Amino acid sequence: MKNLQMSLCLAFIFLLVACTDKEKFESIDDPSVNKSHASPPGETVTLEASYWTFDQETYKVPAGDVTIHLKNKEGFHGIIIEGTDVSIEGDGSYHTTLEPGEYKIFCSIICGTGHSDMTATLIVE
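Following the numbering used here, the numbering of the sequence shown begins with 1 at its first residue and continues without gaps.
Incorrect hints may have been included.
Taking lysine to any residue pairs in the SDA-like style, the calculated list, with each CA pair at most 25 angstroms apart, reads [to be verified]: (1) Lys104 to Glu48; (2) Lys73 to Pro100; (3) Lys73 to Val86; (4) Lys60 to Val86; (5) Lys73 to Ile110; (6) Lys104 to Gly114; (7) Lys71 to Trp52; (8) Lys104 to Glu74; (9) Lys60 to Ser93; (10) Lys73 to Asp85; (11) Lys60 to Thr84; (12) Lys73 to Val45; (13) Lys71 to Ser108; (14) Lys73 to Lys104; (15) Lys104 to Thr53; (16) Lys104 to Asp65; (17) Lys60 to Lys104; (18) Lys73 to Thr53; (19) Lys104 to Ile123; (20) Lys71 to Val45; (21) Lys73 to Glu48; (22) Lys71 to Cys111; (23) Lys73 to His115; (24) Lys73 to Glu43; (25) Lys60 to Pro41; (26) Lys73 to Glu99; (27) Lys104 to Ser87.
Per label pair, the in silico range of CB-to-CB distance [as the list claims (entries may be wrong)]: (28) Ser87 to Pro62: 45 to 55 angstroms; (29) Gly112 to Pro41: 33 to 43 angstroms; (30) Phe76 to Thr96: 20 to 30 angstroms; (31) Gly112 to Gln5: 54 to 64 angstroms.
These are calculated hints, taken from the structure and not from any lab test.
As the structure is a prediction and not an experimental result, all values here were calculated from the model.
From the three backbone atoms N, C-alpha and C, an ideal C-beta is built for every residue, glycine too.
The task is simple: from the sequences and hints, build the whole structure.
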């Protein structure tokens, strides 16, 4: 009885797949369909983290909406930006609104002997 039920179930699944409109799935690749994802408004800044250092000592952005990207080039890092709600672990992004000022960036994941020296500054103008 179980074999009969299994056979009927498989036959039903096969029938569903065979009757599916193939063109509905092909339309996913239709170039006329707009697949773009809207980026958040405002400025974007990318920080690249390597062993015990960021790619720049200072980053500058205008005040307002900012998207911050963290890219790990070597090792595994995260960041927090003092005085803000920004916290990213690993490769990732964070969108926030920043007021003018100077903000300290710290690596938030212990990454070795030079971890405590892994800092940078974000200047918001």
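A quick look at each hint next to the structure:
{"no.": "1", "hint": "Lys104 to Glu48", "verdict": "16 angstroms, holds"}
{"no.": "2", "hint": "Lys73 to Pro100", "verdict": "29 angstroms, violated"}
{"no.": "3", "hint": "Lys73 to Val86", "verdict": "20 angstroms, holds"}
{"no.": "4", "hint": "Lys60 to Val86", "verdict": "16 angstroms, holds"}
{"no.": "5", "hint": "Lys73 to Ile110", "verdict": "16 angstroms, holds"}
{"no.": "6", "hint": "Lys104 to Gly114", "verdict": "17 angstroms, holds"}
{"no.": "7", "hint": "Lys71 to Trp52", "verdict": "14 angstroms, holds"}
{"no.": "8", "hint": "Lys104 to Glu74", "verdict": "21 angstroms, holds"}
{"no.": "9", "hint": "Lys60 to Ser93", "verdict": "17 angstroms, holds"}
{"no.": "10", "hint": "Lys73 to Asp85", "verdict": "24 angstroms, holds"}
{"no.": "11", "hint": "Lys60 to Thr84", "verdict": "15 angstroms, holds"}
{"no.": "12", "hint": "Lys73 to Val45", "verdict": "16 angstroms, holds"}
{"no.": "13", "hint": "Lys71 to Ser108", "verdict": "14 angstroms, holds"}
{"no.": "14", "hint": "Lys73 to Lys104", "verdict": "21 angstroms, holds"}
{"no.": "15", "hint": "Lys104 to Thr53", "verdict": "14 angstroms, holds"}
{"no.": "16", "hint": "Lys104 to Asp65", "verdict": "18 angstroms, holds"}
{"no.": "17", "hint": "Lys60 to Lys104", "verdict": "12 angstroms, holds"}
{"no.": "18", "hint": "Lys73 to Thr53", "verdict": "10 angstroms, holds"}
{"no.": "19", "hint": "Lys104 to Ile123", "verdict": "9 angstroms, holds"}
{"no.": "20", "hint": "Lys71 to Val45", "verdict": "11 angstroms, holds"}
{"no.": "21", "hint": "Lys73 to Glu48", "verdict": "6 angstroms, holds"}
{"no.": "22", "hint": "Lys71 to Cys111", "verdict": "15 angstroms, holds"}
{"no.": "23", "hint": "Lys73 to His115", "verdict": "15 angstroms, holds"}
{"no.": "24", "hint": "Lys73 to Glu43", "verdict": "22 angstroms, holds"}
{"no.": "25", "hint": "Lys60 to Pro41", "verdict": "17 angstroms, holds"}
{"no.": "26", "hint": "Lys73 to Glu99", "verdict": "29 angstroms, violated"}
{"no.": "27", "hint": "Lys104 to Ser87", "verdict": "12 angstroms, holds"}
{"no.": "28", "hint": "Ser87 to Pro62: 45 to 55 angstroms", "verdict": "22 angstroms, violated"}
{"no.": "29", "hint": "Gly112 to Pro41: 33 to 43 angstroms", "verdict": "37 angstroms, holds"}
{"no.": "30", "hint": "Phe76 to Thr96: 20 to 30 angstroms", "verdict": "23 angstroms, holds"}
{"no.": "31", "hint": "Gly112 to Gln5: 54 to 64 angstroms", "verdict": "59 angstroms, holds"}
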